[in-house]
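Chemist: Start from chain F and add chain C according to the hints.
These protein sequence lines map, in sequence, to chains F and C.
Quick note on numbering that gives the first Met the number 0: the first sequence kicks off at 0 and runs consecutively.
Quick note on numbering that gives the first Met the number 0: the second sequence kicks off at 0 and runs consecutively.
One should not assume that every hint holds.
Which residues of chain F face chain C? A partial, calculated answer using Cβ under 10 Å [unchecked claim]:
(1) Lys34
(2) His134
(3) Phe162
Honestly, the hints are just simulated from the structure, not real lab data.
Even glycine gets a Cβ: it sits at the ideal position worked out from N, Cα and C.
So you can see what is in the structure, the chains are spelled out below.
There are 2 protein chains.
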Amino acid sequence: MKHSVHDLIAVQFSRSLLGLKGLLLKARAHAETRKFDENLFLQLRVAPDMFPFVKQIQITTDGAKGAAARLTGKTAPVFADNETTLTQLIERIERTVEFLQSTSEKDYEGYELRTVSFPWNPGKHLQGFDYLSSHAIPNFYFHMTTAYTLLRSSGVEVGKGDFLGEQNWIKEA
Amino acid sequence: MKHSVHDLIAVQFSRSLLGLKGLLLKARAHAETRKFDENLFLQLRVAPDMFPFVKQIQITTDGAKGAAARLTGKTAPVFADNETTLTQLIERIERTVEFLQSTSEKDYEGYELRTVSFPWNPGKHLQGFDYLSSHAIPNFYFHMTTAYTLLRSSGVEVGKGDFLGEQNWIKEA
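So that you can see chain F by itself, here it is in the shape it has in the complex (with noise of 0.2 Å):
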């Protein structure tokens, strides 16, 4: 049983974005108990000076969707980066996780002669798998750990289990 990029990409960001899918679900009931308003948690920041939570849920599923995107030349579903309500942003999470479940082991072959260039960075390029090992992965984890810790630190109830999401825990004989 060998990985692939595949494997990666599609099975592994879906596993997250589902994973952060709860933990928006457990921020709607916490809002609800609370009783006040579950959109609230949208404009919190850790910082002044860093992204919002809405902001940190659309960087974190456009990475998921454009490294899924980039390395099979499937074009991925747009979004408007207008979202104003958790409903919202779960549908944007569920959206991903569709396109991401889309795309097929086929899709991913020649990943690697792929380049990936950003109009932050002109004039250069990643190889498909640098691309990939150190920029969407880590990137992706990035901001979905912010939004984490954006619930978190509001006293929101998530533990690690909701961030890894399911896992393939395999039951000993």
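Modeler: Chain C in isolation, oriented as in the chain F frame:
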């Protein structure tokens, strides 16, 4: 150029840990400018019931050396987890990078057949790749991001570039 598990662990975790060392050096410079004891960072927490900064660094390094040890069968350096200074944490990061870099491509052969279990989940295990993708990588970045957030929210001028570390950008002709 196919990627390898050695690249995901030894190369990428080293890159990130050197980024983390850079973050600590920025924290040191910040404390120097503001004239406070740099070791005060070690007890910072995001929330009262989350681990302090010192423990975030301990877990980040443990995650990296643990992944390399579990998937190669090599013995990782053991740390006493008694750091009280930023200097000691920097040394811990450096020793972890040394261990990661002492592992070779060949050491990871057969990693997919290895199983990984933890005392907190008795009677169950994860297979090599599932352990790496669904546990070791997200957990590593979870704790590294939490350490970053503690510095960022304390006013240390750190940014995404510090977090990602040195990347293999290729200049276009």
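Chemist: None of the hints should be skipped; say for each whether it holds.
Modeler: Here is what the structure says about each hint:
1. Lys34: violated, 22 Å
2. His134: His134 of chain F check passes; min Cβ-Cβ to chain C is 7 Å, inside 10 Å.
3. Phe162: holds, 6 Å
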